[in-house]
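For the sequence shown, my numbering gives the first residue as 1, with consecutive numbering after it.
Derived from the structure by calculation, the hints contain no laboratory data.
Glycine included, every Cβ here is placed at the ideal spot set by N, Cα and C.
There's no promise every hint is true.
To be verified - Label-pair restraints from in silico Cβ distances:
{"no.": "1", "residue 1": "Asp44", "residue 2": "Cys77", "range": "29 to 37 Å"}
{"no.": "2", "residue 1": "Asp60", "residue 2": "Asp12", "range": "40 to 48 Å"}
{"no.": "3", "residue 1": "Arg84", "residue 2": "Leu11", "range": "41 to 49 Å"}
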Amino acid sequence: MKAAQRLGMRLDEIAEVLALRDADTRPCGYVRRVLHEHVVSIDDRIAELRRLRTQLVDLDTRAEELAADPDVGAASCPLIDHVRRHGEARA
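Just need the whole structure built from these sequences, with the hints factored in.
Below you can see the structure in the form of structure tokens.
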């Protein structure tokens, strides 16, 4: 079971491997499918995080530009005001 956990398998997936083994069926095909699904999920999350990172870097650059604006009051956060007006923080 520790090997399955190291592969990042969920408990229901581990249970399926054990059930296949108990039925004298090699679980290799099932394990490979599960691992492939996990890889796809990780790739999706990485892509999402990269998009979020790009948005945050863009907002930080915009914040720097807005901070230099002499028309912005000291009690305001120009970045928040800008995002409210233009919606740049939305995914």
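To see whether the hints hold, each was checked on the structure:
Restraint check, Asp44 to Cys77: a C-beta distance of roughly 32 Å satisfies the suggested window 29 to 37 Å. Distance hint check: the CB atoms of Asp60 and Asp12 are about 41 Å apart, consistent with the given range 40 to 48 Å. The beta-carbon spacing between Arg84 and Leu11, approximately 44 Å, falls within the hinted interval of 41 to 49 Å.
Checked against the numbered hints above, the structure breaks none of them.
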